[in-house]
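Novice: Sequence:
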Amino acid sequence: MNRSVLRGVVLIVLALAVIAALLILPSSKSKKQHPPNNNPWVLVSYDPDNPYGTYLGNGFISTRVMGDGVGSQDGKPLPCYMAGLYHDEKLIPMPTWSDLRFNDGLVGGMEFRIDKTEPYKQTLDLKTGILTTQAIWRHEDKSLRGTIDVIVSRARPAVALMRVRMTPDSDGLICVEVPSYAQGEWIELSADKEPVQKEWDVSTTTWKLRDSRVFISLARCIVFGERLRHPPQNKDSRWLSCVDGKAEKPFTILSYVAVGKGSDADTARNRSLHELKSAFDAGSRLIEEHKAAWSKLWRKDIIINGPAKDQQVVRSCMFYILQSVREGSTWSIPPMGLSNNAFSGHVFWDADTWIFPALIWQHPELARSIVEYRYRTLPGAIA
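Per the working numbering, the sequence shown starts with residue 64, numbered consecutively.
The list that follows gives simulated cross-link-like pairs (lysine to aspartate or glutamate, DMTMM-like), each with its CA atoms no further than 25 Å apart:
1) K312 / E181
2) K205 / D232
3) K324 / D151
FYI, nobody ran anything at the bench for these hints, they're computed from the structure.
Please model the entire structure based on the sequences and the hints provided.
Specialist: Written out as structure tokens, the structure is:
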């Protein structure tokens with residue numbers, strides 16, 4: 064055999080042997096095995112880089128939450144939406160209200176980020192509408208382990224709550240930053256703070272939609288399970304509060320937010336403050352009211368004979384519809400609900416053809432909003 068041909072055959076055999084070894088031998092980075100999720104009410108993700116994220120809403124306001132467990136991903140804010148908030152015939156994002164970050168110092172401190180090499184779990188409880196992210200957040204040699212819950216109140220349409228339960232591995236200052244972002248045509252008018260109770264401060268930020276009489280205000284209150292070491296401070300729409308962390312001593316943070324909309328800045332701000340104070344005064348009842356509202360909706364259910372995974376699919380489909388509509392509204396449902404503004408958020412006949420039948424038998428009080436929208440906009444359609 065020609066020597067060059069023999070050399071080629073040898074190289075091919077060696078290459079095939081290497082490929083076979085790579086295919087047969089176990090990988091050093093084998094995929095982690097997780098227990099099966101047989102709960103028909105819970106959706107689970109173990110991937111902090113999950114590209115799909117979760118949509119949470121109450122038919123009036125909404126947010127998107129990705130693997131970071133808050134309204135931002137890798138430092139980039141995610142859009143939030145409000146029913147009926149259109150500009151130039153397009154559904155537009157409202158100011159982002161759902162971001163929350165941890166720093167090891169005051170404004171400008173180094174941020175804790177999720178350690179993707181550590182155990183991670185994100186669960187969406189369809190029965191209660193609560194999204195929980197369990198992870199370890201790390202900065203250099205410091206870490207925080209715990210959970211973040213995001214709750215868009217079903218009982219109070221203008222209110223949301225983020226509940227943080229963390230345990231630091233060392234002593235040191237821990238600061239919580241709640242940035243507010245407004246994309247596109249929003250003009251920030253003011254950012255203020257005022258006392259709401261003896262220990263806690265409220266921050267408000269108000270925006271005006273360019274070339275309109277639409278004003279949006281966000282009112283916030285951050286509550287620690289113990290007194291703050293530093294009073295809240297404001298810098299460029301970032302409100303920050305700090306506490307002395309103690310090694311292996313858990314702490315809880317409640318971040319309340321309320322939204323106000325009006326035809327002038329004072330009206331929007333006063334509405335957000337009123338909603339926030341009411342939510343703050345409710346205390347633990349805020350979460351119980353939210354759970355009770357979802358429990359009432361789930362009295363009407365679709366139960367199938369089949370695998371838990373199939374039941375999860377059926378309930379998740381209804382869950383996302385229910386998140387996109389609420390009783391007493393005169394707005395219909397955009398193509399993607401309030402999860403994004405695809406198709407400019409225009410209300411097509413799809414809502415009447417597909418979503419209305421899915422609601423009318425079990426939730427006529429919610430289906431009514433689709434009819435109310437057509438009735439309200441009928442003069443314009445005729446013209």
